[in-house]
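Residue numbers (this note's numbering), protein chains in the order written: chain A, 1 to 349; chain B, 350 to 897.
Hint data in this document are derived by calculation from the structure and do not stem from the laboratory.
Just a sample of chain B residues kept apart from chain A, beta carbon distances all over 10 Å, derived:
1) T382
2) D432
3) A462
4) N505
5) D550
6) P561
7) I591
8) G594
9) A597
10) G614
11) Y749
12) T863
Computed spacing ranges between beta-carbons, pair by pair:
13) D227(A) / G381(B): 29 to 35 Å
14) T382(B) / I307(A): 56 to 62 Å
15) Q810(B) / G329(A): 45 to 51 Å
16) K339(A) / D880(B): 49 to 55 Å
17) S560(B) / G311(A): 31 to 37 Å
18) E764(B) / G329(A): 32 to 38 Å
Chain B is nowhere near these chain A residues, computed Cβ spacing over 12 Å in every case:
19) E47
20) A138
21) T164
22) R169
23) I181
24) L203
25) R206
Ideal placement from N, C-alpha and C gives every residue a C-beta, glycine not left out.
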Amino acid sequence: MSAFCFILLLAWQAASTEVLERLKAGGEALNQSRAAEAAAEFRKATEAAPDLPAGFVGLGQALMQSGDYRGAIAPLKRALELNPDLPGAHQLLGFALLAAGYANEAIPHLEKVQALDALGVAQLKTGKLAEATASLQAALAKRPGDVDLMYYLGRASGLLSRQTFEQLRATDPESARAHQILGETYAVLHNTAGAEQEYREALRLRPATPGLHLELGELYVAESQWDKAEKEFRAEASLQPGDAEAAFRLGNALLQQGKVNEARRELERASGLAPGMADVLYALGKAASLDGDKAAAEKAWRALLEIEKDGPLAGQAHFGLAGVYRERGDAAKGDAEMKEFQRLQRAGR
Amino acid sequence: MVRGPVVFCFCALSAVAVALALGLEGHIFDTGTPAGLVFHHENSPTLRKHLIETMGGGVALLDYNNDGLLDIFFVNSGHLSADAKESFDRANPRYWNRLFRQNPDGSFTDVTAAAGLSSAGDANYGMGVAAADYDNDGFTDLYVTSYGRNILYHNNGNGTFTDVTAKAGVAAGGWSVSAGFFDFDNDGKLDLFVTRYMDWDLMHSKSCGVSPKIYCSPSEFPAASSVLYRNRGDGTFEDVSIASGIAAKRGKALGVAFADYDDDGFADIFVANDGMEQFLFHNNGNGTFTERALEAGVAFTDDGKRISGMGVDFRDYDNDGRPDIVVTDLARQTYAVYHNEGHGAFSYRSLPTGIAALSGISSGWGMRLEDFDNDGWKDLFVAQGHVMDNVEQIDAGLHYLEPPMLAMNRGGRFERTALGSPQPVAGRGAAFGDLNNDGWTDIVMTVLGGKPLVFRNRGGQAHWLTLSLRGTRSNRDGFGARVRVNGQTQYATSAGSYLSASDKRVHFGLGAATTARVEIRWPSGLVQKMDDVQADRFLTIIEPERLR
Numbered sequence: 001m002s003a004f005c006f007i008l009l010l011a012w013q014a015a016s017t018e019v020l021e022r023l024k025a026g027g028e029a030l031n032q033s034r035a036a037e038a039a040a041e042f043r044k045a046t047e048a049a050p051d052l053p054a055g056f057v058g059l060g061q062a063l064m065q066s067g068d069y070r071g072a073i074a075p076l077k078r079a080l081e082l083n084p085d086l087p088g089a090h091q092l093l094g095f096a097l098l099a100a101g102y103a104n105e106a107i108p109h110l111e112k113v114q115a116l117d118a119l120g121v122a123q124l125k126t127g128k129l130a131e132a133t134a135s136l137q138a139a140l141a142k143r144p145g146d147v148d149l150m151y152y153l154g155r156a157s158g159l160l161s162r163q164t165f166e167q168l169r170a171t172d173p174e175s176a177r178a179h180q181i182l183g184e185t186y187a188v189l190h191n192t193a194g195a196e197q198e199y200r201e202a203l204r205l206r207p208a209t210p211g212l213h214l215e216l217g218e219l220y221v222a223e224s225q226w227d228k229a230e231k232e233f234r235a236e237a238s239l240q241p242g243d244a245e246a247a248f249r250l251g252n253a254l255l256q257q258g259k260v261n262e263a264r265r266e267l268e269r270a271s272g273l274a275p276g277m278a279d280v281l282y283a284l285g286k287a288a289s290l291d292g293d294k295a296a297a298e299k300a301w302r303a304l305l306e307i308e309k310d311g312p313l314a315g316q317a318h319f320g321l322a323g324v325y326r327e328r329g330d331a332a333k334g335d336a337e338m339k340e341f342q343r344l345q346r347a348g349r
Numbered sequence: 350m351v352r353g354p355v356v357f358c359f360c361a362l363s364a365v366a367v368a369l370a371l372g373l374e375g376h377i378f379d380t381g382t383p384a385g386l387v388f389h390h391e392n393s394p395t396l397r398k399h400l401i402e403t404m405g406g407g408v409a410l411l412d413y414n415n416d417g418l419l420d421i422f423f424v425n426s427g428h429l430s431a432d433a434k435e436s437f438d439r440a441n442p443r444y445w446n447r448l449f450r451q452n453p454d455g456s457f458t459d460v461t462a463a464a465g466l467s468s469a470g471d472a473n474y475g476m477g478v479a480a481a482d483y484d485n486d487g488f489t490d491l492y493v494t495s496y497g498r499n500i501l502y503h504n505n506g507n508g509t510f511t512d513v514t515a516k517a518g519v520a521a522g523g524w525s526v527s528a529g530f531f532d533f534d535n536d537g538k539l540d541l542f543v544t545r546y547m548d549w550d551l552m553h554s555k556s557c558g559v560s561p562k563i564y565c566s567p568s569e570f571p572a573a574s575s576v577l578y579r580n581r582g583d584g585t586f587e588d589v590s591i592a593s594g595i596a597a598k599r600g601k602a603l604g605v606a607f608a609d610y611d612d613d614g615f616a617d618i619f620v621a622n623d624g625m626e627q628f629l630f631h632n633n634g635n636g637t638f639t640e641r642a643l644e645a646g647v648a649f650t651d652d653g654k655r656i657s658g659m660g661v662d663f664r665d666y667d668n669d670g671r672p673d674i675v676v677t678d679l680a681r682q683t684y685a686v687y688h689n690e691g692h693g694a695f696s697y698r699s700l701p702t703g704i705a706a707l708s709g710i711s712s713g714w715g716m717r718l719e720d721f722d723n724d725g726w727k728d729l730f731v732a733q734g735h736v737m738d739n740v741e742q743i744d745a746g747l748h749y750l751e752p753p754m755l756a757m758n759r760g761g762r763f764e765r766t767a768l769g770s771p772q773p774v775a776g777r778g779a780a781f782g783d784l785n786n787d788g789w790t791d792i793v794m795t796v797l798g799g800k801p802l803v804f805r806n807r808g809g810q811a812h813w814l815t816l817s818l819r820g821t822r823s824n825r826d827g828f829g830a831r832v833r834v835n836g837q838t839q840y841a842t843s844a845g846s847y848l849s850a851s852d853k854r855v856h857f858g859l860g861a862a863t864t865a866r867v868e869i870r871w872p873s874g875l876v877q878k879m880d881d882v883q884a885d886r887f888l889t890i891i892e893p894e895r896l897r
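Just chain A, same shape as in the assembly (with noise of 0.2 Å):
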């Protein structure tokens, strides 16, 4: 906003010319940062003319380029007393309060001229987060790249989902859902009996819970209880027989404990249930490798590669093809596989 125009404007019909002129120099020393002059010439400004609002909202602006929030307030509602319907008067008066601390009264005026970013922000101050998280994704549509944008809504969502989790407990505390929600923040802790012992209560209490599974059996994954987690991975498999996710953790929990064909088995059905996952086709070829179908493992990494070209899972394809290669007896195909996947360790260094 250029506070010299919008004050010249404010002022223009109204004023005295010794006032006018208080406003052209406050306003000039206020577009070249000289915060203390300006405020001095728009307190004359307002001492002249007490009944014109651009002096208080030439001195609150002042005010706030001086860092001087709490100070600014005053004229600010002291200017919009005198006019309410000042758009600019509004937006300062927002941003000065919710930056003074007084978030709760800063929502109307920022409210008022839709000033979403900060709106947002004073509205997660105030706990308002399912409006705030609105609000802040509003405003990254506009902005995308706003670092800022992005860590209040993350910290809006954060909150308002564990918010709705408090809720949830207070509300039933012995649901599956609470147990559930219980494991997981054990879980997070790295809490590994706790979050087993909820985990296990949920599904005693809602057993075909979708999902459950899952998570207690991505618990036993971290702890490398492969056994375990094929049970669980199974038991979520059959609740849910067209989920491909539990497909493959189901599959890649019997390679890791080389019962290669089942889970080659189950990789495969987790491929056709969703195909063109690069992840998928990479344990696939993989479960196929070490189950002695050469030929297999070619054509998944080869789809694998297919859709990604770099990368992690590009590299470990290319390397797995240059074995099957080089078994086969093609060194010259072997050897490009082997470069390839030197060239992306290289890259990922």
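Position chain B relative to chain A; hints supplied.
Just chain B, lined up with the frame of chain A:
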């Protein structure tokens, strides 16, 4: 081909072993410390977290006085001062390496001072040990590695040792870790391979991590080349690292093991590197080596990922006659099993063998494929414990202190079994041998900054055969001999594991078999066969002077 003489034979206390087995099912080992084995490894951890603090110390099982009982040598590390002085107070008895002589009743006596082993050099922070009879005089010598200067102790044959490093020319320098004797040129004289970890010194150490401060990753420091010494046979060695091609590859070597993987009659070298590709030095048979890990399929995992290789063994786990490779590494990786497919190629078999599932959150160091239950299949023991003493703060799912792992080999697939030692420790070195000559392999494991653990094999009813090789045209220890017994194959060596040297006798479990067919291909090329060898015996087999 020769039907060779069985020179010495004495029955072991198999009746006692059988009696022990009755009613003692469940654990294979009893854990404890024999009387007199009073040792405490001193690594002197500092707030600066120098990487050397967390890497020691080694152990050797050797019969230094040829009384038929294995003795134990521990490598101590030393005192680290806050001001990073390269002086480790090794003259202080607290920081001595220690030799314990085994007494007939199974107790031990500290003979360090009497044996002349109390001086480890004040500028040496101790790491590991290799043991072999390098001068073919019938007495096992010791080579101690250090950050600093390594020491070769010649066994004088009268219960004492002499530091002959200067004359032998094997001080190496830098940061040496595991070492091993082997005869790379089959000239009947044991040569010496010394791994070096990295180009690092106390003055140029780094500080890693802030809160918490952690031991630096090896990626923070430049790689170093390992050293190969050729034994001239006159008490001196020639550094052939460059001429042999070994120095051409710079690594971050922690473990080393030897075997003839392509059965061409020349011992090859596998080097376990930390955080980079592994090395497989193929012996060209002309004094040179070619590094072939990538071509052979042992440089990475089957996903093309690097591992933090630490300990290594080079033995045939599936009884197909070809030596395989097992490498221990850090948690969140899995121990690597490379199966020898023949024709110079290996396949990664951590998943099908079950080792991957057993090792995902463990960090392994000293280890060995050894038939602990004498069923004819080599099992796996691993000393475990993370590098970082505060790893729980970095990854709450991991643990600094871990119990060792024992996995029994069931026809090529491994299953964890209870070890009878629930206490987690920072395991490091591990040496393997039959301490009480009952035919069942025992284990001595070092603990970083702690007391060692001795795992006494309770024995059982299965049969066994243990061979002491005595080379004549080949090196006297018979290292490098390919020994086949009832379909099993071993390469004679005391090397492998991490920082450690094991009983040089070659042990086979025979399961229900009461006799054995023995075939030895000596490093000289001579093949010696014996049929109907009675089980449950220790045999000393002397290499015939010539073909008959």
